[in-house]
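K.L.:
Each chain, letter by letter, is given below.
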Amino acid sequence: MVVKNIPSICLSCGGCVGVCPHDAISLEDMKIIINESKCNGCGTCVIFCPVGAMTLEDKPTNEVER
Amino acid sequence: MIEIPRPVGLKNAYDVVVIGAGPAGSRCAKLIADRGLSVAVFEKRAEIGSPKRCAEGIGVKALQRMGYNGNERFVAQYIDGFYLYAPNGKEFVMDYGSPQGCVVERKVFDKFLAYDAAKAGAKVFTKIEVVDLLKDNGAISGVVIKYGEDVFEVKARVVVSAEGIEGKMARKAGIDNTNKLINVDSGYQYEMANLKLKDANKLYFYLGNEIAPRGYIWIFPKGDHVANVGIGIGGGAGVKRKAKEYLDSWIENHPEIFADASVIEENAGGIPVGGLLKDMVRDGFVVIGDAAHTVNPIHGGGMDEGTRAGEIAAEVICECLNREDVSHDALAKFNELWWKERGEKLRRIEKLRQVIERMSDDDLNFLADELTVQDIIDFAGGKNLRKLAKILLRRPKLIKLATILR
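Taken in order, these protein sequences are the chains called A and B. According to the working numbering, the first sequence is numbered sequentially starting from 1. According to the working numbering, the second sequence is numbered sequentially starting from 1.
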C-alpha cells in the first residue's frame, strides 16, 4: 500500500508531514508531496488528516516488482 | 551569459538564519537583530501569516511581553472570560470583568512581528523555501534555499528552525521531532460570520467524547457576529471520523448559533500537544515553536509558548555568538533555560492532558460536579493538580489516572 494525497480536499496544513514516521511526506511549494519509495502505507497520515485528504491505495504492480 | 536572478538583498552569509516567519521565528529574529547581529528570515509562503492554522487567541500579558499595548490593528476582539461546557451541559462561566486576552487576526499579527524583526535590522524574505542544511564537519553551517527553480547556499553561524509542524530541517540536523500520533491533535476550523453569540467577549469551550474525542470544540469571537469555530481531536485509536465531520455535525446540531451563519474561511492543522523535546539544539542549530512542540498541551495554544521559546533562544544564541562558541554544548543552555522557565510547567500540563483524555464522558461529568471554575483555570496553568488527584482517588476506576499526576 502507498498513500495518495487528494489535492482538491487538502488544505496544505502540513500536519501529515509532522506525523509521518517514515519521513515520506513533504510540503513543497505549498503542495503535499509523497515519496513513494519511503512510504510503507502505515496509514498514520490517513488517521491524522483533519479533512480526509489522504487515502491508501495499492502500489502499482510494476513498481512493486521493480 | 544569462545572469541568474538572486533574491533582492540576499547576502552570502549571516550570523543567524531563521527558517519560518511565524511568531516564534520573527520574535527570535527581532531580538537577535536588536543586538546588532546580522539575521535573515526565510518564509516559504508568499504571504506571512496566511493561511492560518490557529484559533488566534492570545493573552494580554503575552502581547505586553512583546511590547504591544492591545490597540494595534491586529486585535480583532478583546476577551474578558470564557464559558466551558461539560459533556452533560454543565456550564462554567468565568468573567474577569476586564480584557485578559484577545483574538487576533493572524494575517496582521504575524506581519507586525515580521515588521518588528525587519525594523530591528533582520532581513525578511518571502516565497523562499529552505530545502537543506549546509554542514561543516558535522556542524550546521548554513542553509540551501530554493528561489523559484534556482537554489542558493547561504552561510550562517547559527540556523534556527521555526518551521512549524511540517518542518524537515530539525530531522536533517539530527533532532527527531516527528509527532507521535498520540501527541498531536487533528485540528479543523471555520471562520464564520453572522453567528448568534450570547457574549462576543468570551471564549467558548465544549467538551465531550461524542462531539470531540480527546479534545474540544471552540468558538473564539472575532467580533459581534464573527468567530473562529474549530475542533481539535486526539489522533489514534477510537476516533471514528475526521475532525471536519465531527465539527460539521456539531454545527448542524446547534442552529441557535449557526442557523444563518456563513463560512468565510477554512483552516486545518496539526497541534503538537505533547512530546516535549529534551534536546532542541545541535552544533550551530536550534529548533523552536511548533517544530519543537513548544505548545500548551491542554489548550493547544502555541503563540505565547512559541514566542517565549524564540526569546529564550535569541538570548542564548547571542551569548554563544559573542563567545564564538556555537557548539551543541554551548547552545544547550537553551535547553536548560527553556526547561526551567517553560518545560517543567508544560510537562505537568501534559500529564493533565493524559488524564483528561482517558476519561469517559461520565467521568468528565463527575469531575465537572466537583470543580469550580477557578480549579479549571489553575489546572490549565499546571497549578494545584494535587486537588485533581484527590478527586480522582474518590472514584475507584479513576485511581490509576491519579498516579499519572505524580
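No lab work stands behind these hints, which were simulated from the structure alone. Fair warning: there could be bad hints in the mix.
[As the list claims (entries may be wrong)] Below, simulated DSS-like cross-link-like pairs (lysine-lysine); rule was C-alpha separation at most 30 Å, straight line:
#1 B:Lys172 / A:Lys38
#2 B:Lys180 / A:Lys59
#3 A:Lys38 / B:Lys135
#4 A:Lys4 / B:Lys172
#5 B:Lys127 / A:Lys4
#6 B:Lys333 / A:Lys31
#7 A:Lys4 / B:Lys240
#8 A:Lys31 / B:Lys383
#9 A:Lys59 / B:Lys172
#10 B:Lys111 / A:Lys31
#11 B:Lys123 / B:Lys155
#12 A:Lys38 / B:Lys278
#13 A:Lys4 / B:Lys146
#14 A:Lys38 / B:Lys240
#15 A:Lys31 / B:Lys123
#16 B:Lys52 / A:Lys31
#17 A:Lys38 / B:Lys146
#18 B:Lys172 / A:Lys31
#19 B:Lys127 / A:Lys31
#20 A:Lys4 / B:Lys278
#21 B:Lys155 / A:Lys31
[Unchecked claim] Coverage of chain A stretches by chain B, computed from C-beta distances (three or more under 8 Å per stretch; other residues unrestricted):
#22 9 to 18
#23 23 to 34
#24 38 to 51
We put the CB at the ideal spot given by N, CA and C, even for glycine.
K.L.:
Each of the hints needs a verdict: does it hold here or not?
P.N.:
Here is what the structure says about each hint:
1. B:Lys172 / A:Lys38: holds (16 Å)
2. B:Lys180 / A:Lys59: Distance of about 25 Å is within 30 Å: holds.
3. A:Lys38 / B:Lys135: holds (24 Å)
4. A:Lys4 / B:Lys172: This hinted pair holds, its Cα atoms lying about 24 Å apart.
5. B:Lys127 / A:Lys4: Answer holds: B:Lys127 to A:Lys4 is near 26 Å, not above 30 Å.
6. B:Lys333 / A:Lys31: Between B:Lys333 and A:Lys31 the Cα gap is close to 36 Å, so the pair fails against 30 Å, i.e. violated.
7. A:Lys4 / B:Lys240: The given pair, whose Cα atoms are some 20 Å apart, holds under the 30 Å limit.
8. A:Lys31 / B:Lys383: violated (42 Å)
9. A:Lys59 / B:Lys172: It holds: about 28 Å lies between the C-alpha atoms, which stays within 30 Å.
10. B:Lys111 / A:Lys31: At roughly 23 Å apart (the allowed maximum being 30 Å), A:Lys31 and B:Lys111 satisfy the hint.
11. B:Lys123 / B:Lys155: Between B:Lys123 and B:Lys155 the Cα gap is close to 14 Å, so the pair holds against 30 Å.
12. A:Lys38 / B:Lys278: Between A:Lys38 and B:Lys278 the Cα gap is close to 27 Å, so the pair holds against 30 Å.
13. A:Lys4 / B:Lys146: With Cα atoms ~25 Å apart, A:Lys4 and B:Lys146 stay inside 30 Å; holds.
14. A:Lys38 / B:Lys240: holds (27 Å)
15. A:Lys31 / B:Lys123: holds (26 Å)
16. B:Lys52 / A:Lys31: holds (16 Å)
17. A:Lys38 / B:Lys146: OK: A:Lys38 and B:Lys146 at ~23 Å, within 30 Å.
18. B:Lys172 / A:Lys31: With Cα atoms ~20 Å apart, B:Lys172 and A:Lys31 stay inside 30 Å; holds.
19. B:Lys127 / A:Lys31: holds (13 Å)
20. A:Lys4 / B:Lys278: violated (34 Å)
21. B:Lys155 / A:Lys31: Since the Cα atoms of B:Lys155 and A:Lys31 sit roughly 27 Å apart, the hinted pair holds (cutoff 30 Å).
22. 9 to 18: As far as the stretch 9 to 18 of chain A goes, the hint holds, because 8 residues have Cβ atoms under 8 Å from chain B.
23. 23 to 34: The restraint on the stretch 23 to 34 of chain A holds, since 6 of its residues have a Cβ under 8 Å from chain B and three suffice.
24. 38 to 51: holds (count 6)
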